[in-house]
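S.K.: Protein chains in written order, with our numbering: chain A, 1 to 516; chain B, 1 to 323.
Since no wrong hints were added, every one of them can be taken at face value.
Derived list of chain A stretches under chain B, where covered just means 3 residues or more per stretch with a C-beta under 8 angstroms from a C-beta of chain B: (1) 346–356; (2) 370–379; (3) 386–393.
Heads up, simulated BS3-like pairs for lysine-lysine below, C-alpha to C-alpha not over 30 angstroms straight-line: (4) A:LYS390 x B:LYS183; (5) A:LYS397 x A:LYS256; (6) A:LYS499 x A:LYS264; (7) A:LYS256 x A:LYS49; (8) B:LYS183 x A:LYS339; (9) A:LYS359 x B:LYS183; (10) A:LYS397 x B:LYS183; (11) B:LYS183 x A:LYS406; (12) B:LYS183 x A:LYS348; (13) A:LYS434 x B:LYS183; (14) A:LYS452 x A:LYS413; (15) B:LYS183 x A:LYS413; (16) A:LYS283 x A:LYS334.
It is worth saying that the hints were derived from the structure and are not from the lab. The beta-carbon is built from N, C-alpha and C at its ideal position, and this holds for glycine as well.
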Amino acid sequence: MTKTPIRGPCSDFNFYSKIMPNITALHMRHIRKVFPGVVALDDVSFDLKAGEVHVLLGENGAGKSTLVKILSGAIQKTDGEIVLFDNPVEIDSPKQAQKLGIGIIYQELNLVPSLTAAENIFLGRERTNSVGLIEKHTLLSSAQHILSSIGLQIDCDQPVRSFGIAQRQMIEVAKALSLDARILIMDEPTSALSETEIKQLFGVIRKLREKGVAIIYISHRLQEIFEIGDRVTVLRDGKLVGTRMVYETSQAELVKMMVNRELKEQYPRHRTDRGEEILRVEKLNRKGALRDISFSLHRGEILGISGLLGSGRTELARALFGADRIDSGEIVIKGKCRKINSPRTAVKLGLGFLTEDRKSQGLVLSLSVKDNITLSSLDLFSRLGVISNKREEREAKSFIEQLRIKTPSNHQKVLNLSGGNQQKVVLAKWLSRKADIFIFDEPTRGIDVGSKVEIYQLMNQLTAEGVAIIMISSELPEVLGMSDRILIMYQHTIVCELKSEEATQERVMRYALGAA
Amino acid sequence: MKKELLIQNSRQLGTFVGLIVVTAVFWILSPYFLTISNLMNIAEQASINAVIAVGMTFVIIAAGIDLSVGSIVALSGVVLAGALQASLPVPVAILLGLGVGALCGLSNGLLISFGRLPPFIATLGMMSVARGIALFYIDGRPVSGFSAEFRSLATGEIARIPSPVIIMIVLYILAHCILHWTKLGRYTYAIGGNEEAANLSGINTRMIKTTIYALCGMLSGLAAVLLTARLNSAQPIAGLMYELDAIAAVVIGGTSLLGGEGTISGTLIGVLIMGILRNGLNLVGVSSFTQQVVIGSVIILAVLIDMAVRKDRTILLAKGIIK
Ligand SMILES: Nc1ncnc2c1ncn2[C@@H]1O[C@H](COP(=O)(O)OP(=O)(O)OP(=O)(O)O)[C@@H](O)[C@H]1O
Ligand SMILES: [Mg+2]
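My request is simple: use the sequences and hints to build the entire structure.
M.R.: The following block contains the structure:
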């Protein structure tokens, strides 16, 4: 069989979608992928129709990202066959995947922080004028156009560095859309988005689907599958478990297929008696980020913080942790007024801060799993600056077991772990620190349903020991299910505090949208 | 499992093969090359670059660069020489030399971590400042003629091994241990790999960075001590282009200029390759002008090969040819 790549991005795109609405866009047959020490995919076959949203589901490390990375040319398969619109193809580079009309949003965001949003969106595809200069004006206006189509109101002439992770995720979406791809892959595009943005995104996806774009969609948020998916394929340990039509299946069946066991309660919060006050914040202000923030936190409590993108949740966490300066206000920890001017001071005072963006702020990707787990707690494993290797190894091993981090060994570079497993490593890093006050910003981002429950149980255990947790999450059911109290932020300030009994999805959303 | 280890260390293996190749080439070209006395000679000559390269390894792993090492060698050298001439006790003079180096490094570190200057700029400035002060300090003239006690640092031997070589060996063992078994070492890798994550983990990144540059400066001071003792003279123009040799050794040894990765043993091999090249080219009678061209080319070639090897490896891995 001769293998000829198809040329031209979407010249014949409408032809396919209109004349043959039920055409198979993509066939992946018997795909196998081997990494050193890991079989990531083993004989996986998968097909995708034009105009469908095909969901890929599976536990952390099941092989979802690996499968789509093979399609996008980021990695090469060990074995197997890819057929695109009836033409066998070899995809050996991202550039070629683009030429074939395959667009992807990677799980780990891949924007250049120093470039502007517009520059990122058109990176490598800038239109130039006759003397080879980039037409900045066109660039900006086309970027703005795409961004407004997904409902993101930002100044796209600002460097990406200045945006939060949710905005970055939307910029990635815009980038993928600008490709005009006929196969669009989204690897956990909603992991940091809240309801409003997700609604926008789904609107865009529905439009694309009508146009006949074939979409592969990866997510750990099961309810999304029923909202947007047409078919769903489940992977487990690199093997294909099965494919179902979404209207024929149920959450319970999918979970069973994923983890091979029944899952009990999804939010197993054991409330503990509220202890003494451990943190009090009074009239915290930071220009352009925080306005008159006051609240208190008690031992044994999980305090949820909810709010839209840009409402100031992460800014609050960063200010508490000394990562950003505050203009005015008081932070009282265990009864003493404290000045926190660096993360180091915060850690010394018993705080821990799990950042929302694991890749740029949480992990040192070039270091091993073990080194990352003990990064913030190294002083507990060393004396006079010398590290006790044995104790360090033991600590890392115990977390790998406890959180079921999927890695061939302690010494694997974190870079090589799957997204969800990387997230578990960040979590382990802070659990190992044994802080009194944890600030968790999107703690379960990218973590599968089964492991989530285990992490919630760990939180229960922590609060039972008298630890206090501030949990920021854009996943409303998580906030509602796990928090004892919920603070709702809107435009850089706290607009409302709800007890868990009185909080409902609708109420929280109403306040988050700014209703009085 | 063994295979995996091999692949993980293949970069270092490559450098090692390079070392064997250059050795073989010069052995064929000159029969004198592989004699014990010449090998000792090489080790002794390489020891100065070796000492500087240790500090440079720390700096580069932490994703920095230090261009001022050569000038610091000159400045430490003249201060040391001045102290010796003023008949200060030898240990005090040596401490002065090391102290001046550490001080220069410290100001590099402070400028970089607290002044937030890019390492390239801060150390480029120091390169000029330190050299200028050295010239100023002894009015441009070399200082020579020191006591035998001081010179024994370079000329002495223990069990027929020249003392600079012994100092070098001890230093490398120490540096290896620091990089692998101490917090300072771990944090060096962490800062080089992702400074923001390190900072947000509660690591005092500024202090660690400052320490690393100060350490690099102090080691340049140590290099100045060895150089002055060997030449029995200190010159304000000493140490010209030393930064090139040190950076080259580190990079040839497999430390990534992007930071976060690298080993001391790799640097040692890099230092030996550089030393053998200089010694061998001399033996074979290549002019010093041509030598510069050859050495520069070798550095470029080494990095090119390194990149090719890395790329190749991922492809081989991807195709499942190696596992
Ligand atoms: N570059 C790599 N080197 C070694 N192993 C790898 C590499 N990339 C992925 N793996 C391994 O392959 C397996 C599958 O990873 P993959 O990223 O596809 O998982 P995933 O299904 O996307 O999980 P998640 O839900 O956590 O994102 C994991 O065990 C992972 O450790
Ligand atoms: Mg993934």
